[in-house]
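*Asks:* Here is how the chains run, residue by residue.
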Amino acid sequence: MVEPVLSLRNLSVEIPTRHGIVKPVDGVSYDIGAGEILGVVGESGAGKSMAGNAVIGLLNPPAHIAAGEIWLKGSRIDNLTGEAMRRLRGKEIGMVFQDPLTSLNPLLRIGDQLVETMLTHLDISQSDAEKRAVSALEEVGIPGAAERVNSYPHEFSGGMRQRVVIALALCAEPSLIIADEPTTALDVSVQAQIIALLRRLCRERGTAVMLITHDMGVIAEATDRMAVMYAGRLAELGPVRDVLSHPQHPYTHGLMASTPLASAGKSRLHQIPGAMPRLDSVPEGCAFNPRCPYTTEKCRQAPAPRPESTSAACWYPLAREKAS
Amino acid sequence: MALVKIQNLTRLFDVSKPWLNRMIERREKAFLTAVSDVDFQVDERSTYALVGESGSGKSTIGRMLVGLLPPTKGTVEIDGIDLANETDDAKIDKIRADIQMIFQDPFASLNPRWRVRDIIVEPVAARGGNTDGLAEKLLEQVGLSVMDAGKFPHEFSGGQRQRICIARALASEPRLIVCDEPTSALDVSVQAQVLNLMSDLKDNFGLTYVLISHDLTVVRHMADRIGVLYLGRLVEEADPQDLFESPKHPYTKMLLEAAPRMDGFGREVTPPDGEIPDPINPPSGCAFHPRCPVAEDICKRDRPAMRALGGARVACHLAD
Ligand SMILES: Nc1ncnc2c1ncn2[C@@H]1O[C@H](COP(=O)(O)OP(=O)(O)OP(=O)(O)O)[C@@H](O)[C@H]1O
Ligand SMILES: Nc1ncnc2c1ncn2[C@@H]1O[C@H](COP(=O)(O)OP(=O)(O)OP(=O)(O)O)[C@@H](O)[C@H]1O
Ligand code: SF4
Ligand SMILES: [Mg+2]
Ligand SMILES: [Mg+2]
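Protein chains in written order, with my numbering: chain E, 1 to 324; chain B, 1001 to 1320.
FYI, nobody ran anything at the bench for these hints, they're computed from the structure. The reader is advised that the hints may include incorrect statements.
One-sided and incomplete, this derived list gives chain E residues near chain B with beta-carbon spacing under 10 Å [said to hold, decoys possible]:
#1 Gln-126
#2 Ala-185
#3 His-214
#4 Leu-269
Think about it this way: if two alpha-carbon atoms lie no more than 27 Å apart in a straight line, the pair counts; the simulated DSSO-like pairs of lysine-lysine are [what the hints assert, rightly or not]:
#5 B:Lys-1094 with B:Lys-1005
#6 B:Lys-1091 with B:Lys-1073
#7 E:Lys-266 with B:Lys-1202
#8 B:Lys-1300 with B:Lys-1073
#9 B:Lys-1094 with E:Lys-266
#10 B:Lys-1017 with B:Lys-1073
Cβ coordinates follow ideal geometry from the N, Cα and C atoms, glycine included.
One chain only, chain B, in its complex shape:
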């Protein structure tokens, strides 16, 4: 069953200069399209990964998912409830407790002046819930010690801090955790510990994850389903094996080809041409067409719709 259902999700940011400058320079208002018409569903108890390069809109989607940012257009439904349009406060409260988020930077996301105990129980305390022994229980669940409850964040290493963030996310017994680059700031050996912990917790508590990452190896290891983003658009969605073994979208192909391989000794890659275009003035038609090796006229003209192709979904006129 789908726990998360996202439809036509779109988010613009107003990046205009101040009004007076616009008048003097005779400029229109400028909008940046961070997320454009994105559709996907996440099954309960599965891990859905969003991959894409910097600026592709991953975090913006994550923030809209947990209700930190309202969509400009489209809907986010969690368990059938649309947070932006729901009027029943009790339902909203219930859903908010069901969703948590973990961020990339375990240093910035912990208040340095709070003890670990208070940090961890904060989401529950804020709702007036019972926090007796909660921090201690959660610390053990994430592989830290009960003794750590009275310490401050600076007394922990990066991996330990991310465990504290995970403990805090678990405090309200959520069903869905949006993890935004949870291991990008960590060393590989520490990353292995955190990813294993995430897998264990998912099994033990029946969690659903939306995992945001730019690291293809992490995504391949963790995900049940993968969505590839380019310039705010979902360009391909598939199961890990299909995506890595037979990518269908030219951008996915380019991304996989460019990613360094641990067995790629002396591999001569022909590096991809160009860079990601300006999201304020995205290319016409398919946003990838200026860099696409197989683009035809139609690609410049029409934006390709998402269509099913085998077990995957692809937004490309020519993919087959």
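Extracted from the complex, chain E is given alone in its bound form:
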């Protein structure tokens, strides 16, 4: 098998609190290959961003990696020092967040920000970097790129700013992009533009992408495989078509059914009873057991098996027919 670009092996993140240790990420494993987009979904607080932040070494203390490993192109990166991680972050891992302003320096012209990033991470001259800054903006679809390099971030609309952030994330030619809700703040028409852009760049450059979003439609259209997180754990992992059309985990199934689209023509939406537990009160056994229609004694006692390459963390995964 080809070596994946990113590989999480049983990753756990812990936060010590006054009421004990909580685990926002609990034994999560998944891989992302070159040119592949992995979608990560789950309810607010499920641990999606925490897992992404662990990969880029940006966990806010006291949150820390407590167990497991992170591998990037065959090297372990979870134990790097701060300085080594910082270098890796711009060079090998690009980041795109929900709010483009967090990634841009408001006081610098965007051309200068691109040039600075390239000079830090690539072995090129100032004039080459300047040329490439223009082509980087052209590539992400900024009209009049040659003049726009001289603009400041506030002179762009939200959608244009997010394009600039993508240009910045890509300019050092990273092998992995972590995009955490990159289109959540944008309108559908602009979202469609950004998603098309991410897909094209991923395909053309073979970049691996971790796309964190709560929008099932975006997941369906943009990703190759998807991971469903629940209370810090991986509930289901697999090719997007399989997971969305024939979910095997009762949680994924309930989640899909509760979207208005799935209930077309029905007067009521499917409801999953209750709510995702807070991290300080995750139930014993399968974390979903108090809300699951199929719970047995076993589910209350033993944590469900972890999903391997394609399956659900459930003692009684829904059969493909039953789920459809």
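Chain B with the ligands: place on chain E using the hints.
*Replies:* Quick look at chain B with the ligands alone, frame taken from chain E:
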């Protein structure tokens, strides 16, 4: 019967720089047209949805509907009474109690230092009404517990807080509730609970909703009639089935095409061109013409009037 009747509704905002700067830079006053000549009616006991992208004027219309913002031009009539021009205080009071609003952010719209009981009965208490046992009754109606009355907002999850907002909106036994993105801050599973609750309450109390949302799937599920806004203008109005199955306005078509689909595996969308123009200097004629794939000369010149087309209303020169 129409409970809400909106005619030529228009709202401008003064976005001029301070007077001195204008004098130095020799600039005119600048106005932003947030809502422009909008007409629609909402039948009693129905759900009318307003959809549109950010800045299209949805919230501005909602705020004018409930009387939080006066129109620059045009009228809002609720049950035959025009709040902006009515002089009879008793009538105004009556109508105000009939209208309530729910906002997107259930975190910001609850006073963190008040107990849930006091938050919920506030609209009634403010009018000097009887609040005995009211909070407890409403909490049960929205699926929370009587025990929750003594708690503070921070002790609740997002979905529970939105239920508290709904309970508060119900306190004065309104007939019309304007819901501005009521589930946009919620997860899908929680959204399902809140939308079901809204449907149940509508059936039980004969409520009328104006539902503001940018989420087409939510709108399709909830609405009896849908109005599509672009740059402060109503461009199309139709029943959900017609709108989704045979959209008539080029903007509606573009919006539906761009919206991601749950069964759209690997779908290659040709993303729409351009972005929403500046509302301070909107395009001439049809505001959509610079992005419209079928625009002709007339579209640049004349603003299309709203006209009936089948069961829909469309503001487009070329739609058929
Ligand atoms: N300092 C802290 N102490 C305790 N719990 C924390 C702390 N910081 C974060 N958490 C918890 O960690 C969990 C994981 O949060 P994370 O941001 O990864 O969620 P997410 O899946 O990205 O959600 P969202 O969709 O809202 O972005 C949350 O439940 C949050 O409450
Ligand atoms: N108080 C104000 N002063 C100046 N401009 C305003 C004011 N309120 C709204 N606007 C402008 O009016 C237009 C319509 O805004 P509105 O909030 O109604 O849009 P919306 O459709 O609700 O958008 P969103 O989906 O982002 O909530 C926008 O261009 C907005 O910037
Ligand atoms: S009026 Fe003209 S520009 Fe406007 S939507 Fe119709 S065809 Fe397009
Ligand atoms: Mg997050
Ligand atoms: Mg709004």
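*Asks:* Hint by hint, say whether it matches the structure.
*Replies:* Going down the list of hints, with the structure as the test:
1. Gln-126: Violated: closest Cβ of chain B sits about 33 Å from Gln-126 of chain E, beyond 10 Å.
2. Ala-185: At 9 Å from the nearest chain B Cβ, Ala-185 of chain E passes the 10 Å test, so the hint holds.
3. His-214: 7 Å, holds
4. Leu-269: 4 Å, holds
5. B:Lys-1094 with B:Lys-1005: Satisfied, since the Cα-Cα distance of roughly 17 Å is no more than 27 Å.
6. B:Lys-1091 with B:Lys-1073: It holds: about 22 Å lies between the C-alpha atoms, which stays within 27 Å.
7. E:Lys-266 with B:Lys-1202: 16 Å, holds
8. B:Lys-1300 with B:Lys-1073: Distance of about 25 Å is within 27 Å: holds.
9. B:Lys-1094 with E:Lys-266: Violated: Lys-1094 of chain B and Lys-266 of chain E sit about 36 Å apart, past 27 Å.
10. B:Lys-1017 with B:Lys-1073: Holds - the C-alpha atoms of Lys-1073 of chain B and Lys-1017 of chain B are around 23 Å apart, at most 27 Å.
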